[in-house]
Amino acid sequence: MNRRFTERLLALCSPLVLLLVWEIAAQVGWLNRQFFPPPSSILGTFLVLWERGVITSALWATTQRVVVGFAFGAIPAIALGLVLGLSRPLRLALLPVANILYSLPKIAILPLVLLIFGIGETSKIVVTAISVFFLVLLNTVAGVQGIDRLLFDVARDFGANRWQAYRTVALPGALPLVLAGCKLGLGFALIVVVGTEFVAAGAREGVGVLIWESWQVLNIEAMYVGLILTAIVGWALNLIIDEIEVGLLPWRAEHGGGITRVRAEHRLAGVPIRVWWRSARPFSFTATIIPITLGAVIAPMTTSWAIRIALFFLTMVGALFIHAGTNMVNDYYDHRNGLDHADSIGPGKAIQQGLLSPRQVLVGGLVAFLIGALIGLLLVWLRGPAILLLGLICLPLAYFYTGAPFKLAYYGLGEILVAIFMGPVMILGSYYVQAGTFGLTPALLSLPVAFLVAAIMHINNLRDIETDRERGKITIANLLGPTGAAWEYYLLIFGAYAIVAVLAALQITAPTILLSLITLPLALSLVQRVAATKEPLALNAVLRQTSALHLRFGTLLIIGLLLPLAL
Amino acid sequence: MAAAPPTKITLQQLSHHYPAASGGALAALQGLNLTIRDGEFICLLGPSGCGKSTLLRLLAGLEKPTAGALTISHNDDQRPAQAMVFQGPSLFPWRTVLDNVAYGLEIGAGGPPLPRPEREERARLRIAQVGLARFADSYPHQLSEGMRQRANLARALTVNPAILLMDEPFGNLDEQNRLLMQTELLQIWQHSQQSTTVVFVTHSIDEAIVLADRIVILTPRPGQIDAILTVELPRPRDAAALRGNARYAALYAECWDRLRTSVLAARTADTTPWQGLATGEQRL
Numbered sequence: 002m003n004r005r006f007t008e009r010l011l012a013l014c015s016p017l018v019l020l021l022v023w024e025i026a027a028q029v030g031w032l033n034r035q036f037f038p039p040p041s042s043i044l045g046t047f048l049v050l051w052e053r054g055v056i057t058s059a060l061w062a063t064t065q066r067v068v069v070g071f072a073f074g075a076i077p078a079i080a081l082g083l084v085l086g087l088s089r090p091l092r093l094a095l096l097p098v099a100n101i102l103y104s105l106p107k108i109a110i111l112p113l114v115l116l117i118f119g120i121g122e123t124s125k126i127v128v129t130a131i132s133v134f135f136l137v138l139l140n141t142v143a144g145v146q147g148i149d150r151l152l153f154d155v156a157r158d159f160g161a162n163r164w165q166a167y168r169t170v171a172l173p174g175a176l177p178l179v180l181a182g183c184k185l186g187l188g189f190a191l192i193v194v195v196g197t198e199f200v201a202a203g204a205r206e207g208v209g210v211l212i213w214e215s216w217q218v219l220n221i222e223a224m225y226v227g228l229i230l231t232a233i234v235g236w237a238l239n240l241i242i243d244e245i246e247v248g249l250l251p252w253r254a255e256h257g258g259g260i261t262r263v264r265a266e267h268r269l270a271g272v273p274i275r276v277w278w279r280s281a282r283p284f285s286f287t288a289t290i291i292p293i294t295l296g297a298v299i300a301p302m303t304t305s306w307a308i309r310i311a312l313f314f315l316t317m318v319g320a321l322f323i324h325a326g327t328n329m330v331n332d333y334y335d336h337r338n339g340l341d342h343a344d345s346i347g348p349g350k351a352i353q354q355g356l357l358s359p360r361q362v363l364v365g366g367l368v369a370f371l372i373g374a375l376i377g378l379l380l381v382w383l384r385g386p387a388i389l390l391l392g393l394i395c396l397p398l399a400y401f402y403t404g405a406p407f408k409l410a411y412y413g414l415g416e417i418l419v420a421i422f423m424g425p426v427m428i429l430g431s432y433y434v435q436a437g438t439f440g441l442t443p444a445l446l447s448l449p450v451a452f453l454v455a456a457i458m459h460i461n462n463l464r465d466i467e468t469d470r471e472r473g474k475i476t477i478a479n480l481l482g483p484t485g486a487a488w489e490y491y492l493l494i495f496g497a498y499a500i501v502a503v504l505a506a507l508q509i510t511a512p513t514i515l516l517s518l519i520t521l522p523l524a525l526s527l528v529q530r531v532a533a534t535k536e537p538l539a540l541n542a543v544l545r546q547t548s549a550l551h552l553r554f555g556t557l558l559i560i561g562l563l564l565p566l567a568l
Numbered sequence: 376m377a378a379a380p381p382t383k384i385t386l387q388q389l390s391h392h393y394p395a396a397s398g399g400a401l402a403a404l405q406g407l408n409l410t411i412r413d414g415e416f417i418c419l420l421g422p423s424g425c426g427k428s429t430l431l432r433l434l435a436g437l438e439k440p441t442a443g444a445l446t447i448s449h450n451d452d453q454r455p456a457q458a459m460v461f462q463g464p465s466l467f468p469w470r471t472v473l474d475n476v477a478y479g480l481e482i483g484a485g486g487p488p489l490p491r492p493e494r495e496e497r498a499r500l501r502i503a504q505v506g507l508a509r510f511a512d513s514y515p516h517q518l519s520e521g522m523r524q525r526a527n528l529a530r531a532l533t534v535n536p537a538i539l540l541m542d543e544p545f546g547n548l549d550e551q552n553r554l555l556m557q558t559e560l561l562q563i564w565q566h567s568q569q570s571t572t573v574v575f576v577t578h579s580i581d582e583a584i585v586l587a588d589r590i591v592i593l594t595p596r597p598g599q600i601d602a603i604l605t606v607e608l609p610r611p612r613d614a615a616a617l618r619g620n621a622r623y624a625a626l627y628a629e630c631w632d633r634l635r636t637s638v639l640a641a642r643t644a645d646t647t648p649w650q651g652l653a654t655g656e657q658r659l
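Protein chains in written order, with this note's numbering: chain A, 2 to 568; chain B, 376 to 659.
What the hints contain is simulated information worked out from the structure, not anything from laboratory work. Quick reminder that beta carbons are idealized off the backbone N, C-alpha and C, glycines included. Some hints could be false.
[What the hints assert, rightly or not] Stretch-level coverage of chain B by chain A, calculated; a stretch enters the list once three of its residues show a Cβ under 8 angstroms from a Cβ in chain A:
(1) 414 to 421
(2) 448 to 462
(3) 490 to 496
(4) 499 to 512
[Said to hold, decoys possible] Over the 10 angstroms line for every Cβ pair with chain B, so calculated as not near, a few chain A residues:
(5) Leu151
(6) Pro173
(7) Leu375
(8) Tyr498
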């Protein structure tokens, strides 16, 4: 613990110390200011350039060239790489050529490309694309060839055709190396773009242009600004592709080894952040994201866009913390009351899996509440006391949802509470933060969302109807019995659609909210399946699908509300 | 008396050769004649490299026989003709257990591809059957070898194949897990009213006797049928209790006798016995 702290301090301080030494050395005159201007004057130049809009336009121009050039190079390279990886004759015919061209430094062909495409954007994109192409191509071929042949046999044995084998074996199997190639390719793309910008070739904006022009007029500070910007672009692109990699390769992220970089494990209170994140049950967050977004979207414009977005962001983060806290406290009490056990079929929870102790989960949940409450107070200060009222009602109910001594969810109130909070309360609250008032439209629009979130809870209780009864947890589902509970489910699902239809018919909202009816086939199939079976494992699948329905329905509702604004 | 069940698989003078690295051909199988009845449990027993795996690959349609005929009678469009439990790490490392087990239904083995909710529902039932319900969302590298092999079995069973091909599926398991898996496999097979034909490759004499209706003993390279033994032990069988049975002891002795003789004969005939073919067989 102590050593970690020292290490971090070192990592944080060394650049600062370096900057300080540089500053002093330049000011005192130990360093030639013509080549090494003090950091403070570089910062000054940066601010001047920022105000003139040079920085943003340079960043935008360069990033755009890198990304477009990269895309034009990488996408065909991946497609061709998959084909070459699988076809031996084509590989034998084309790979030697690719290897020779690969070893040619691509910037060397810039003059040729300039001749063909002329001076302008096209030639920059073409050179960048070519330099990315070969890197990604060779990596993709290697990726496909590295896949165990046995896996292709498995695909064939199950009758996969050529296209299916591509999609289910070659592509996912080659992906780690494809991404490694993309990473290298992005670095190359940046080098080539900055290089082409040096030669100017008709560009008036870009970090390379900034560096080159500063050199020509001997504006050293601006040159340094250009260098810093280049580093920022490179660093940001790397960060993005790292995140994409972790998202696309969940099966490798935990390996750490191999081609995928070993992720430094950040810890909070001695527990990896990943574990905290998991214990908050993030897959359920859509139940908060949808109503908060919906409320914000329909609020009339009363402030500037920047303030609007900042307020939305604050509301979302605060609500998510309260949601996470509720989940964790709920976990703690479900565990204590013996409702979860090792072979529960619901999604795994942190305590059951031994990732966290019950106490840690409880404390984590309370801290999440605290952070949520602090953000809430900030919103109160910004937008008025009505938020305070909402918070004062919400927080205790969120805790006593399963918390002793009230344990509301154990007395049949679970669905109703969830429906109220993740429907009207969140939507009206988010609306109020933006608009400063409440309104009838958001209240009405919150109903279908409330119905669907109640359906999620309800199907969960229907699944657990037997085990809950044994353990003395009362839910609407076990009060109604399987058949009655199934009917409630139908009512909730179809109720949501009926309300949307009525709202559109009465012209209370734009007719575009009918877009959400696209999800009807999914809803119908879910209803059919609940009618057909009460088997817990099958209902578990219905549960997942119901929350998917909530997400899709909600998203389409939001899009439907935004469409008239966009048109 | 019920009529004898119809024939499921027929091999007539079946031979298979692989191209050898040095040119020419390596004979893996030579002149096999065999009839397998519908719903029968067959164990292919033989030393490493005798072409057992090759025979499975031929049955799976992954290779075409060089000579002779292989006929599978299959006219049920509700289920695929066969599915294989492969030897070695054959789960897709990038898919969760659930997605691995649902793979056949996603591809459309034995029918049209199923939409996600349906195939996941069926896969989950299979996963629960092999005792992996809690690990449905885990990736293969997070599981033990025994659990991976269960998932592997579940993946083949999910498509409900008419013929289940198993290539030394329990070869890498420890003794306890092996016994458990054998018992579970027999239960699952009997649960299906023995409507599934099983062709099971093993080099364990004990395993063959515990599982099979008939044991087909193959000779070392090139694989030929040495003997076909009928295992008349009553079902359901208890792998542990079986060991004390007199018939078990006699069968064990007979199998061992045949294997020993042929392995020794091959050793004297060839200074580098089946190694070359063994590697060729796995990599091809």
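Hints, verified against the model:
With 0 residues carrying a beta carbon less than 8 angstroms from a beta carbon of chain A, the stretch 414 to 421 of chain B misses the three-residue requirement, and the given coverage is violated. Restraint check on the stretch 448 to 462 of chain B versus chain A: 5 residues with Cβ-Cβ distances below 8 angstroms, three needed, restraint holds. Counting residues of the stretch 490 to 496 of chain B whose beta carbon lies closer than 8 angstroms to any beta carbon of chain A gives 3, which meets the minimum of three for the stated coverage. Using a Cβ-Cβ cut-off of 8 angstroms, 6 residues of the stretch 499 to 512 of chain B lie near chain A, which meets the minimum of three, so the contact claim holds.
Its beta-carbon lying about 5 angstroms from the closest one in chain B, Leu151 (chain A) breaks the requirement of being farther than 10 angstroms from that chain. Not every C-beta of chain B lies more than 10 angstroms from that of Pro173 (chain A), the closest at about 4 angstroms, which undercuts listing it as non-interface. Under the 10 angstroms C-beta cut-off, the non-interface status given to Leu375 (chain A) relative to chain B holds; the minimum distance is some 34 angstroms. For Tyr498 (chain A), the condition that its CB be more than 10 angstroms from all CB atoms of chain B holds, with the nearest at approximately 19 angstroms.
When the structure is compared with the earlier hints, violations turn up for hints 1, 5 and 6 and for no others.
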